[in-house]
Amino acid sequence: MRAQQLVFAAIERDLKTADLPPLGWYDVLLELSRAEDGKLRPYEIEQRTLLAQHNLSRLLDRMERANLVQREVFIDDGRGRWVIVTDAGRAIQARMWTVYASALQRHVGDKLDDARADQLADLLAALSRNPDAPR
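Going by the UniProt record's numbering, the first residue of the sequence shown is number 1, and it counts up by one from there.
The hints are simulated quantities; they were obtained by calculation from the structure and are not laboratory data.
Treat the numbers as computed from the prediction; the structure is a model and nothing was measured.
Some hints could be false.
What the hints assert, rightly or not - Distance condition first, Cα-Cα at most 20 Å in a straight line; then the derived SDA-like pairs of lysine to any residue:
| # | residue 1 | residue 2 |
| --- | --- | --- |
| 1 | K111 | L123 |
| 2 | K39 | L59 |
| 3 | K111 | A10 |
| 4 | K16 | A88 |
| 5 | K111 | R95 |
| 6 | K111 | A3 |
Said to hold, decoys possible - Label pairs and their computed distance ranges (CB to CB):
| # | residue 1 | residue 2 | range |
| --- | --- | --- | --- |
| 7 | A91 | L120 | 27 to 33 Å |
| 8 | R48 | K111 | 14 to 20 Å |
| 9 | R62 | R41 | 17 to 23 Å |
| 10 | E72 | L124 | 16 to 22 Å |
| 11 | D87 | S57 | 33 to 39 Å |
Positions of the beta carbon are idealized from the N, C-alpha and C atoms, including for glycine.
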């Protein structure tokens, strides 16, 4: 856990130095960009990220004020909303990835030889699997 905290803190510093939003914004923008038509319901974003509902709601408010996402009423029931990535959101996500990828390389990749990187990837994949799935 400490290693994760150190790496995330370093990545957050790199993003801040580049005058970019925090890493949580990247996760939301990435999932929206991957989605069909660039839109998801908030609960779908929750399922695809590590963000809790109350944190996500406030985050989406900030992202909407920054014009990176917009919300539209879900026509089928009139109550729910879509969260839609804007062109500005796609552009900032691309800028963030440049810094994020470089930071990952510097703070993780450069510290591991190929064998250890492969071992780490295998361990993380095993930990990420559905616990009910066969091994």
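Here's how the hints hold up against the structure:
Of the supplied pair hints, the one linking K111 and L123 holds, its CA atoms being roughly 17 Å apart against a limit of 20 Å. Among the hinted pairs, K39 with L59 is consistent with the structure: their alpha-carbon atoms are about 16 Å apart, no more than 20 Å. Among the hinted pairs, K111 with A10 is consistent with the structure: their alpha-carbon atoms are about 14 Å apart, no more than 20 Å. Using a Cα cut-off of 20 Å, the hinted pair K16 and A88 holds, with the two alpha carbons roughly 18 Å apart.
With a C-alpha separation of about 24 Å, the suggested pair K111 and R95 falls outside the 20 Å cut-off, and the hint is violated. With a CA separation close to 12 Å, the supplied pair K111 and A3 stays within the 20 Å bound. In this structure the hint that A91 and L120 lie 27 to 33 Å apart at CB holds, the actual value being about 32 Å. Separation of R48 from K111 is about 28 Å and departs from the stated range, judged on CB atoms against 14 to 20 Å.
Distance hint check for R62 and R41: the Cβ-Cβ separation is about 19 Å, which falls inside the suggested range of 17 to 23 Å. Checking the proposed 16 to 22 Å range against E72 and L124 shows it is violated: the Cβ atoms sit about 36 Å from each other. Checked against the hint of 33 to 39 Å, the pair D87 and S57 fails, with Cβ atoms roughly 23 Å apart.
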